[in-house]
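Those protein sequences? They're chains A and B, same order as listed. Sequential numbering from 18 applies to the first sequence in my numbering. Sequential numbering from 18 applies to the second sequence in my numbering.
A portion of the hints provided could be inaccurate.
What the hints assert, rightly or not - Cβ pair distances, simulated, as ranges: (1) A:P123 x B:G130: 25 to 35 Å; (2) B:Q96 x A:S122: 27 to 37 Å; (3) B:A66 x A:D82: 52 to 62 Å; (4) A:Q91 x B:M68: 48 to 58 Å; (5) B:D83 x A:Q71: 44 to 54 Å; (6) B:Q96 x A:Q36: 31 to 41 Å; (7) A:A66 x B:D110: 25 to 35 Å; (8) B:Q71 x A:D83: 37 to 47 Å; (9) A:V93 x B:D110: 38 to 48 Å.
For the record, the hints were derived by calculation from the structure and aren't laboratory data. For clarity, every value in this text was computed on a predicted model and none was experimentally measured. Cβ atoms here follow ideal geometry from the backbone N, Cα and C, with glycine treated the same way.
Chain by chain, the residues run as shown.
There are 2 protein chains.
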Amino acid sequence: MSTIVVGYVPKPEGRAALQRAAEEARMRGARLVVINSNRGGRSMDSDDAIMYEQELDEVRRRLSDDGVEHEVRQLVRGQEPAEDLIAVAEETDADFIVIGLRRRSPVGKLVLGSNAQRILLDAHCPVFAVKAAED
Amino acid sequence: MSTIVVGYVPKPEGRAALQRAAEEARMRGARLVVINSNRGGRSMDSDDAIMYEQELDEVRRRLSDDGVEHEVRQLVRGQEPAEDLIAVAEETDADFIVIGLRRRSPVGKLVLGSNAQRILLDAHCPVFAVKAAED
Numbered sequence: 018m019s020t021i022v023v024g025y026v027p028k029p030e031g032r033a034a035l036q037r038a039a040e041e042a043r044m045r046g047a048r049l050v051v052i053n054s055n056r057g058g059r060s061m062d063s064d065d066a067i068m069y070e071q072e073l074d075e076v077r078r079r080l081s082d083d084g085v086e087h088e089v090r091q092l093v094r095g096q097e098p099a100e101d102l103i104a105v106a107e108e109t110d111a112d113f114i115v116i117g118l119r120r121r122s123p124v125g126k127l128v129l130g131s132n133a134q135r136i137l138l139d140a141h142c143p144v145f146a147v148k149a150a151e152d
Numbered sequence: 018m019s020t021i022v023v024g025y026v027p028k029p030e031g032r033a034a035l036q037r038a039a040e041e042a043r044m045r046g047a048r049l050v051v052i053n054s055n056r057g058g059r060s061m062d063s064d065d066a067i068m069y070e071q072e073l074d075e076v077r078r079r080l081s082d083d084g085v086e087h088e089v090r091q092l093v094r095g096q097e098p099a100e101d102l103i104a105v106a107e108e109t110d111a112d113f114i115v116i117g118l119r120r121r122s123p124v125g126k127l128v129l130g131s132n133a134q135r136i137l138l139d140a141h142c143p144v145f146a147v148k149a150a151e152d
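Model the full structure from these sequences, guided by the hints.
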């Protein structure tokens, strides 16, 4: 059984990535590993932590309903998301990584952030880059 | 029937992109549109043109053998490959675009060239980025 790794954040680009990754996993009969990576520390307070937990519960529920074998990992270990995603993709010998490209509000133009660039260049597997719908 | 668009150049990254795109098309029962884009002009002489033509013949033969419905378009119309790929993806309402990321010889480090960046940011559909195997 192959594995797809997806980077998830509770934002439009994270939801778009997760939705596509779930569709790909279902079509291939692959296992989905959802990574929610936070550096932690001052960038995340307890309200954020509760919101993340609720969103991740909802993610788990939807994947179960869709019959997608999955695992949700919330990583708060002081690393950039790119490092966490690449490490998990190697550990699980992932077929590919799904990432969402974010839009820079308010203009809505897409940006290739440092995490996206790093994943594209440093991951050993292919990278499937999706976009959130425009507002 | 959905469509997958792939950018092809007769180089390791182009072959890696084509191979993966053909696998994805076969698995999904999708149609594959192979784009070989050249600006033309002084950057391409007649030897190059003959080599490209031979490689594309080989591409057509292999896709037929694999039972993948396909179309090969050789575009020489003074545009950057990114522009051609994005235009064809829109015209065919492609499900996604497959691109190969190139390695900068002799160090073998991957680079995100201007065409790759532009396709990632400007294409309306997702982009599947694959890498050539290391030498």
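Verification of the hints:
no. : hint                        : in the structure
1   : A:P123 x B:G130: 25 to 35 Å : holds (29 Å)
2   : B:Q96 x A:S122: 27 to 37 Å  : holds (31 Å)
3   : B:A66 x A:D82: 52 to 62 Å   : holds (54 Å)
4   : A:Q91 x B:M68: 48 to 58 Å   : holds (51 Å)
5   : B:D83 x A:Q71: 44 to 54 Å   : holds (46 Å)
6   : B:Q96 x A:Q36: 31 to 41 Å   : holds (32 Å)
7   : A:A66 x B:D110: 25 to 35 Å  : violated (41 Å)
8   : B:Q71 x A:D83: 37 to 47 Å   : holds (46 Å)
9   : A:V93 x B:D110: 38 to 48 Å  : holds (41 Å)
In this structure, only the earlier hint numbered 7 is contradicted, and the remaining ones agree with it.
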